[in-house]
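Undergrad: If you want the building blocks of each chain, they are given just below.
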Amino acid sequence: MPADAVAIESLYRAHHGWLRGWLTHRLACSEKAADLAQDTFLRLLTRRCASLGEAPRALLVTIAKGLVVDHWRRSALEVAYRETLAALPEDQTPSPEVQLEALDLLERLAALLDGLEPMTREAFLLRQLGGLRYAAIATQLGVSTRSVERHVREALYHCYRLRFADA
Amino acid sequence: MRESSAAPAASVVRRAIDWHIQLESSAGADHDRIRTQIARWCAEREAHALAWARIARLTGEFDDMVRQLPEPSASLDILGRAEREVDRRRAMKLMLGGLAIGGAGLWFARPRLPWQADYVTGTGEQRHLRLDDGTSIMLNTDSALNVAFTPDERRLILKSGEIMIESGPDTGSPHHRPLRLSCRHGMCEALGTRFSVRDEATYSQLSVSEGRVALDPLGAARRILERGETVRFDGTTSTSVTRPVLDPDAWSRGMLAVRDIRLARFLKELARYRHGVVGCDERIADLRLSGVFQLDDQARLLRHLERTLPIRIVSRTRWWVRAEPA
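Sequences listed follow chains A and B, in order.
Letter by letter, the first sequence follows residues 43 to 209 of our numbering.
Letter by letter, the second sequence follows residues -17 to 308 of our numbering.
Keep in mind that the hints are not guaranteed to be accurate.
[Said to hold, decoys possible] To be clear about the criterion: a stretch of chain B counts as covered by chain A if any three or more of its residues have a C-beta under 8 Å from a C-beta of chain A, and this derived list gives those stretches: (1) 1 to 11; (2) 63 to 69.
[Claimed, not checked] What follows is a list of derived Cβ distance ranges for each label pair: (3) Arg205(A) <-> Arg49(B): 28 to 34 Å; (4) Met74(B) <-> Arg124(A): 20 to 26 Å; (5) Thr135(A) <-> Thr224(B): 19 to 25 Å; (6) Gly63(A) <-> Glu135(B): 32 to 38 Å; (7) Ala9(B) <-> Arg124(A): 40 to 46 Å; (8) Gly116(B) <-> Glu120(A): 41 to 47 Å; (9) Ala(-9)(B) <-> Gln80(A): 14 to 20 Å; (10) Pro138(A) <-> Gly116(B): 41 to 47 Å; (11) His110(B) <-> Gly157(A): 27 to 33 Å; (12) Glu28(B) <-> Arg175(A): 28 to 34 Å; (13) Leu130(A) <-> Ala(-9)(B): 26 to 32 Å; (14) Ser(-7)(B) <-> Thr187(A): 20 to 26 Å; (15) Val121(A) <-> Glu288(B): 26 to 32 Å.
[What the hints assert, rightly or not] Which residues of chain B face chain A? A partial, calculated answer using Cβ under 8 Å: (16) Leu58; (17) Ala203; (18) Ala308.
Read the hints as simulated data drawn from the structure, not as lab findings.
All residues carry an ideal CB built from backbone N, CA and C; glycine is no exception.
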């Protein structure tokens, strides 16, 4: 077994218990918590963890937090999407496949923009989704065109860094 | 050495993004001229060309995504509601519950995000706190506060938003510890008192409701404020506001109290408490209004505006509201 895998196995024995408890506390669902605890260790395996020995607890919590937020985001999007669909006449409800696809896209978009300031996120979405011109966005948001440009610039840079790993 | 394998530096990526924005907001002959300039810039270095190609790919991918999404305004609405929910849970469950566990620094490596703070409120949310020393605090919508008490001082750090403080007696401490609030543009020290501070990216504003407050603005001399005074400070100057259009502490009672305020300014203030966009048509931006409004029923508030001013409120989604001439 490679050294990394040995390290992870002993890490698993030492930390799986409290991590699961930590997740259960946050998710209020022990089944989901067990899943995410498992996923946390899986993520560790697929990462290069040079500094595994230093602060394993901190690293595990970091990964687990990311997974928790992903999980919340997905379920929040599902709820919001379902509410929107409920407002549509029945004959306009898209097929389950289309719904799933739309949700996946929304999730990708939301994950991409996670961490941006609300105003930056809004300006960028109005530009990309609404297709509004900068001046129109400025009026909508009650700020100058210049600051809309600044928000869009920030958002693009943020996405660039996520999209291209060497940035 | 050739640069073909080198990743574009951050400054190059930012330049490419600037070009993209310039190109998007130009038209006609300007558009062609900028295109030529970009082509020339790309030819200068391979890293330039690579950065430009990536920006084009990135925006192309976005366009593809948007084409496949449900109706754009519905998507905006869905994304807004979901993100609000995630922010709320993150603030409640990850930060406040999880502070004792180390490693927060790793996760919160990005600078200046509100949920780095000890106490946060989401859009439309207000929160009351009572600290160990008896100090009572109200945090207004979309605010973030850190608390750093030491044996020598009681320090609060307003990272964003708006706060109202009623200083406590601090009877648990063997000697008097000053209560100080740092904000982006300076520091306020309570002299037995109730006061509020509001952070606006370009300036901060302090209002004293009871007692006195010593203000040390960055880049200006210390001054003492008496009850009823309001001062704006921005890092170079501090100026008294004699007739604030907004009552500085009505919000702590769930109200917006305004006096002769421009409609555009009023809607901008209202937008702080709502998720999404509140727009205002330029033709009615200068209408004035005065009054006291309840923040908890904004639908009613907007209807009231329609009745009392020559405007109508257009809402495309819950997320997107705009005032237009009636």
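Undergrad: Determine for every hint whether it applies to the structure shown.
TA: Hint-by-hint comparison with the structure:
{"no.": "1", "hint": "1 to 11", "in the structure": "holds (count 4)"}
{"no.": "2", "hint": "63 to 69", "in the structure": "holds (count 5)"}
{"no.": "3", "hint": "Arg205(A) <-> Arg49(B): 28 to 34 Å", "in the structure": "violated (18 Å)"}
{"no.": "4", "hint": "Met74(B) <-> Arg124(A): 20 to 26 Å", "in the structure": "holds (23 Å)"}
{"no.": "5", "hint": "Thr135(A) <-> Thr224(B): 19 to 25 Å", "in the structure": "violated (58 Å)"}
{"no.": "6", "hint": "Gly63(A) <-> Glu135(B): 32 to 38 Å", "in the structure": "holds (37 Å)"}
{"no.": "7", "hint": "Ala9(B) <-> Arg124(A): 40 to 46 Å", "in the structure": "holds (42 Å)"}
{"no.": "8", "hint": "Gly116(B) <-> Glu120(A): 41 to 47 Å", "in the structure": "holds (44 Å)"}
{"no.": "9", "hint": "Ala(-9)(B) <-> Gln80(A): 14 to 20 Å", "in the structure": "violated (40 Å)"}
{"no.": "10", "hint": "Pro138(A) <-> Gly116(B): 41 to 47 Å", "in the structure": "violated (57 Å)"}
{"no.": "11", "hint": "His110(B) <-> Gly157(A): 27 to 33 Å", "in the structure": "holds (28 Å)"}
{"no.": "12", "hint": "Glu28(B) <-> Arg175(A): 28 to 34 Å", "in the structure": "holds (33 Å)"}
{"no.": "13", "hint": "Leu130(A) <-> Ala(-9)(B): 26 to 32 Å", "in the structure": "violated (48 Å)"}
{"no.": "14", "hint": "Ser(-7)(B) <-> Thr187(A): 20 to 26 Å", "in the structure": "holds (24 Å)"}
{"no.": "15", "hint": "Val121(A) <-> Glu288(B): 26 to 32 Å", "in the structure": "holds (31 Å)"}
{"no.": "16", "hint": "Leu58", "in the structure": "holds (5 Å)"}
{"no.": "17", "hint": "Ala203", "in the structure": "violated (31 Å)"}
{"no.": "18", "hint": "Ala308", "in the structure": "violated (18 Å)"}
Hint violations for this structure: numbers 3, 5, 9, 10, 13, 17 and 18, all remaining hints satisfied.
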